[in-house]
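Undergrad: On the provided structure of chain A, position chain B as indicated by the hints.
If you read the protein sequences in the order shown, they are chains A and B.
Per our numbering, the very first residue in the first sequence carries number 8; after that it's consecutive.
Per our numbering, the very first residue in the second sequence carries number 22; after that it's consecutive.
Everything labelled a hint here was simulated from the structure, so no lab data went into it.
We treat Cβ as the ideally placed atom computed from N, Cα and C, and that holds for glycine.
Every clue listed holds true.
SDA-like mimics (lysine to any residue), calculated; alpha carbons at most 25 Å apart, straight line:
1. B:K73 / A:G109
2. A:K64 / A:P103
3. A:K64 / B:Y51
4. A:K18 / B:G62
5. A:K64 / B:T49
6. B:K98 / A:G47
7. B:K73 / A:R37
8. B:K73 / A:T111
9. A:K64 / B:Y118
10. A:K64 / B:A48
11. A:K64 / B:G22
12. A:K64 / A:S74
13. B:K81 / A:G109
14. B:K73 / A:Y38
15. A:K64 / B:G64
16. A:K18 / B:V108
17. A:K64 / B:D115
18. A:K64 / B:D117
19. B:K98 / B:G30
20. B:K98 / A:T111
21. A:K77 / B:D117
22. A:K64 / B:N23
23. B:K73 / A:D102
24. B:K98 / B:R88
25. B:K77 / A:G109
26. A:K60 / B:N116
27. B:K73 / A:H36
28. A:K18 / B:E63
29. A:K18 / B:G64
30. B:K73 / A:L52
31. B:K73 / A:Y57
32. B:K98 / A:G109
33. B:K81 / B:G62
To give an idea of the chain B side of the interface with chain A (calculated C-beta under 10 Å), a few residues:
34. G22
35. Q27
36. Y57
37. Q66
38. L67
39. C111
40. A112
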Amino acid sequence: DAGITQSPRHKVTETGTPVTLRCHQTENHRYMYWYRQDPGHGLRLIHYSYGVKDTDKGEVSDGYSVSRSKTEDFLLTLESATSSQTSVYFCAINDPGESNYGYTFGSGTRLTVV
Amino acid sequence: GNSVTQMEGPVTLSEEAFLTINCTYTATGYPSLFWYVQYPGEGLQLLLKATKADDKGSNKGFEATYRKETTSFHLEKGSVQVSDSAVYFCALSDNDYKLSFGAGTTVTVRA
Chain A
8 DAGITQSPRH KVTETGTPVT LRCHQTENHR YMYWYRQDPG HGLRLIHYSY
58 GVKDTDKGEV SDGYSVSRSK TEDFLLTLES ATSSQTSVYF CAINDPGESN
108 YGYTFGSGTR LTVV
Chain B
22 GNSVTQMEGP VTLSEEAFLT INCTYTATGY PSLFWYVQYP GEGLQLLLKA
72 TKADDKGSNK GFEATYRKET TSFHLEKGSV QVSDSAVYFC ALSDNDYKLS
122 FGAGTTVTVR A
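Chain A with its partners taken away, still in its complex shape (with noise of 0.2 Å):
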């Protein structure tokens, strides 16, 4: 679904160094979120935002930052990553306007730390 694109959609990386994941949206959806997936735990919120600027933490935001700066961008950094960070990251969209209430997700993002 093009509407929305995560990148990059592999990346390894080393112990120690900051990565950023991009997800960009064409939807003007107001609501976007970043989940990691890993077996057994289904996924799980690390932040989400409702505007622009506007974020707040989900339940497993230790070692995340995110930033908004405008609407279609929503950015995702892992400041000093580390194994335990080995993921599928989801960005999702949502706007709760619309008559079909439904969030829609990316491709995912398969992040290495080694």
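TA: For chain B alone, coordinates are given in the frame of chain A:
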């Protein structure tokens, strides 16, 4: 807080078998309930949803009914196909506009 519990997998079935994946939830308000599906190597796709008690969501032969009295949203399909092999996630969203997920159930359908 909100939480979702779904049956553990993996689940292995033969084609044309009946599939049920149990999902129960805990929420402080009146949540909307969702089933998402993830095919191998792909992202999550919305399968079906229900926004209030007794609503039935349906799509691609799958159904789930929002049962407030039992706080459940079980997914069912009467006759599965090999192409239904995937990971299925139950999720809820409350007035906070955040999705909370269950752990996921891996379903494998054999020909």
